[in-house]
Amino acid sequence: MDISDFYDTFFEEAEELLADMERLLLDLDVDDPDVEELNAIFRAAHSIKGGAGTFGFTVLQETTHLLENLLDHTRRGELTLRRDIVDTFLETKDMLHDQLNAYRNGSEPDAEAFERISRVLQQMALDELGQGDAAPAVAAAAEPKPSAELPAVSEHDQEGGDAGKNSTRRLAITLTGVNDKDRDLLVDELEHFGTIVSQSGDAARYQVLLDSTESQGDIEAVLCFIIEPEQLSIHADEVPAAEGGAGEAAATESKPVEAPAREIPEEQKPGQATAKAEAAPARAAAKSGGKSAKGGESNTIRVPVDKVDQIINLVGELIITQSMLEQTASDLDIVSHGPLVNGMNLLQRNARDLQESVMSIRMMPMDYVFSRFPRLVRDLAAKLGKDVELITEGKSTELDKSLIERIIDPLTHLVRNSLDHGLESPEKREASGKSPTGHLTLSAQHQGGNILIEVIDDGAGLNREKILAKARSSGLAVTDAMSDDDVWQLIFAPGFSTAEQVSDVSGRGVGMDVVKRNIQAMGGHVEILSKTGQGTTTRIVLPLTLAILDGMSIRCGGETFLLPLNAVLESLQPQPDDIYSMAGDDQLLKVRDEYLPIIALHHALDVANAKTELTEAITVIVQGEGRRYALLVDDLVGQQQVVVKNLETNYRKVPGISAATILGDGSVALILDIADLHRLDRRKSQQRHETKRQNLQEVSLV
Amino acid sequence: MSTQASMNAVVNDAASREYLVFSLGDEEYAVDILKVQEIRGYENVTRIANVPDFIKGVTNLRGVIVPIIDLRLKFHLDKVEYDGQTVVIVVNVDDRIVGIVVDGVSDVMSLAPDQIKPAPEFGVTLSSDYLSGIGSLEDRMLVLVDIEKLLTHEEMQLVERTAESA
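Protein chains in written order, with our numbering: chain A, -18 to 683; chain B, 247 to 412.
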């Protein structure tokens, strides 16, 4: 098996770890950080580093490594957190995410960005920790140092290394064939393990003497993230300082020219290399063992979405078969077929339960969406100079995966809008008697078969006059008498923005209409409630899932169609008195005080043998994309839940039809697209007029 | 001798391709058998409005919604009847499953390259674009239909891009 088979798993895992990291960083109380949280952040970084190293994603690995070091110091209390440090950590996290994406797309991450972030992190390490490490290093440098003449690596040394883990020992670390850049990194690294007594050598061979309490294995494990195990050898140097010569080398500190290390007999090298090479796999095995043990603790499994979808499809089939059987069984005599009928009832219940549990696999908590907002709000609020507190409610509310992914963009837009236009600056808020801190609430809850998502701010609210003025100037038909709700709807018009200044946050006016369209495409709708001076609430209502639809089945000329139930307002038999005609062909139906256009389904979809006499047929009052009309059909059949099947998989989009479904008898029924049906009928009427006009012209020519 | 024959057969097999032969009226057509998924009867087709007449509608193929096209209507045959003999060949082209209605399926033939003649440059209803050639087999003539080209062709209005350009 190729290692690249595991790439995806790593990417997924790393993505989750990064998300965790961000969440933890944001939750972190800068003044009094929780050690457990710091540990968790460190572990996340460490795991990513480990994975990146295994798969050879060097840049990712090195960046995480730098971050991990800083985090390590933080959790040990050696580095005091500040807001700007957390910011840098967050920035690093973003960078890691970019790098991860680059690797995922099979490209190399941006080298410049990497350079920059590593400089920032290294600088931070120097600034924040420099004093701590530098002092002992200087002190140590004053003492006479042992030379590079060392005993060859041996069993004894190895054992000694492990046994003497906790007492300070002197270690001689030899680097072979390491370039300057890596070497500096390694030396920085070693400083974290203890006190560097001396360092000398060149690219071909470089030697560092280190006083450390860490075991050889630990040091080696860390260094091996940067270089190959073959390039490294470490041995314990129990011999106290005796020979001179190296003293000067140590005194010259970081970049010595002379390399006493050369004195080491060449033949030692191969031996050391092999010893290390042998040690490496053993460690790797131990590591992976630990990892799988950790995996055992978790109660989740990773399953590709298409497998889940396949199960959902099969269950859908099962439900269809079940309802088919049920229909057949309902004709049987219950007395003579008692057990069968009972069995059918049981089957129905089990099948429904099964369907429900299978559907719940695709459900994800809203936390998946909400968790990305603390960061966004924090960054944006800082940028806009506003003080904002984000409140999230109903994180555990579940929504279909496909919807949850598509709700992110619209919701992001709404949150940005609230921050940019809704919430005022602290000064303005205080001036109008509000608390200087603005509140932005994201909430999600179930309501019937829908999910209700709200973005609530306690900002300035929408400005009625401004919206009306803007609408007039962009040529929309408005009056001062319009209700507030109608005015708020205007902001969903394409190209509409009342922001005085176009910022990079929002105000270009491409937003709200896209938000509305996206939400409608998901089968939901959006509305706005606003009170001047008190804030704005944007309410999004979405169906729980796209895979199942509550439908009303209707008949027209022997064909069965389905109407989405949420589009149906009421149905009635038209009375002759309520029908008015307009411009010859068009007909209107008076329903209470409203005149609704009548659209005949048989006309829009060319159904033969349908009831054409209005008073014999039934009208269903439907609403879609804000349009309301009366749909003329032959009969209502009933209400039922259906599994939605895509027409585009093997065919294409059909005008007036949104999808298809399979009925209990195995036949296909089409699900009507209310808004598109209206457009289709309009087009057909126009065509009809056109042909009529042409015919008239021909007649007059003759 | 027999080894010679079997060797010939092997050579033949390598170069020749198998075709499913079907009839439209009195004419015989053939499609690459590798494109054919299954053959089933014509039943339970749900009509779709506002599409060309040769698109009969959609049907349920074990839970998958599949469009059904009547090639007899597409090729303007005189007699179009739907009875117990009417057959739907379910083909899989361009990652799509499409059913085509024909009058009957006769057999599977193996045609060697030298049995396939280039398609003549004519035809108003059946453009030579969709033909991969003419198979001649003793006294029979098979019109080899390039089903992939035919079904993805704009005229068929089966694929979305056609709808947008229209």
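Errors might be hidden in some of the hints.
[Unchecked claim] Coverage of chain A stretches by chain B, computed from C-beta distances (three or more under 8 Å per stretch; other residues unrestricted):
| no. | stretch |
| --- | --- |
| 1 | 586 to 593 |
| 2 | 629 to 635 |
[Said to hold, decoys possible] Here are the simulated PhoX-like cross-link-like pairs (lysine-lysine), alpha carbons at most 25 Å apart as the crow flies:
| no. | chain 1 | residue 1 | chain 2 | residue 2 |
| --- | --- | --- | --- | --- |
| 3 | A | LYS592 | A | LYS665 |
| 4 | A | LYS634 | B | LYS395 |
| 5 | A | LYS376 | A | LYS409 |
| 6 | A | LYS512 | A | LYS447 |
| 7 | B | LYS281 | A | LYS634 |
| 8 | A | LYS447 | A | LYS382 |
[As the list claims (entries may be wrong)] DEER-style ranges, computed between Cβ atoms:
| no. | chain 1 | residue 1 | chain 2 | residue 2 | range |
| --- | --- | --- | --- | --- | --- |
| 9 | A | THR393 | B | GLN331 | 19 to 29 Å |
| 10 | B | LYS325 | A | ASP616 | 33 to 43 Å |
| 11 | A | SER317 | B | GLY287 | 26 to 36 Å |
| 12 | B | GLY330 | A | LYS634 | 30 to 40 Å |
| 13 | A | ASP466 | B | ASP341 | 51 to 61 Å |
| 14 | A | LYS634 | B | LEU383 | 53 to 63 Å |
Source of the hints: derived by calculation from the structure; they are not laboratory data.
Beta carbons are placed, not taken as given, at the ideal position from N, Cα and C, and that holds for glycine.
**Prompt:** Can the suggested window of 30 to 40 Å be confirmed for the beta-carbon pair GLY330/B and LYS634/A?
**Reply:** Given range 30 to 40 Å: holds, Cβ gap about 34 Å.
**Prompt:** Do the Cβ positions of LYS325/B and ASP616/A conform to the proposed distance bound of 33 to 43 Å?
**Reply:** holds, 35 Å
**Asked** Is 51 to 61 Å right for how far apart the beta carbons of ASP466/A and ASP341/B are?
**Response** violated, 46 Å
**Message:** Need the status of pair LYS634/A, LYS395/B: alpha-carbon distance at most 25 Å?
**Reply:** holds, 20 Å
**Item:** Hint consistency between LYS281/B and LYS634/A [alpha-carbon to alpha-carbon, up to 25 Å]
**Value:** holds, 24 Å
**Asked** Is the gap between the beta carbons of SER317/A and GLY287/B within 26 to 36 Å?
**Response** holds, 34 Å
**25 Å limit on alpha-carbon distance, applied to hinted pair LYS447/A and LYS382/A** = violated, 38 Å
**Message:** A range of 19 to 29 Å was offered for this pair. Does it hold for the Cβ distance of THR393/A and GLN331/B?
**Reply:** violated, 59 Å
**Asked** Is the straight-line distance between the alpha-carbon of LYS592/A and that of LYS665/A 25 Å or less?
**Response** holds, 19 Å
**Item:** Outcome, coverage hint (the stretch 586 to 593 of chain A, chain B; C-beta under 8 Å; three residues)
**Value:** holds (count 3)
**Item:** Satisfaction of hint between LYS447/A and LYS512/A, Cα-Cα up to 25 Å
**Value:** Holds, at roughly 14 Å.
**Prompt:** Are there at least three residues in the stretch 629 to 635 of chain A whose beta carbon sits under 8 Å from a beta carbon of chain B?
**Reply:** holds (count 7)
Of the hints listed earlier, those the structure fails to meet are numbers 5, 8, 9, 13 and 14, in rising order.
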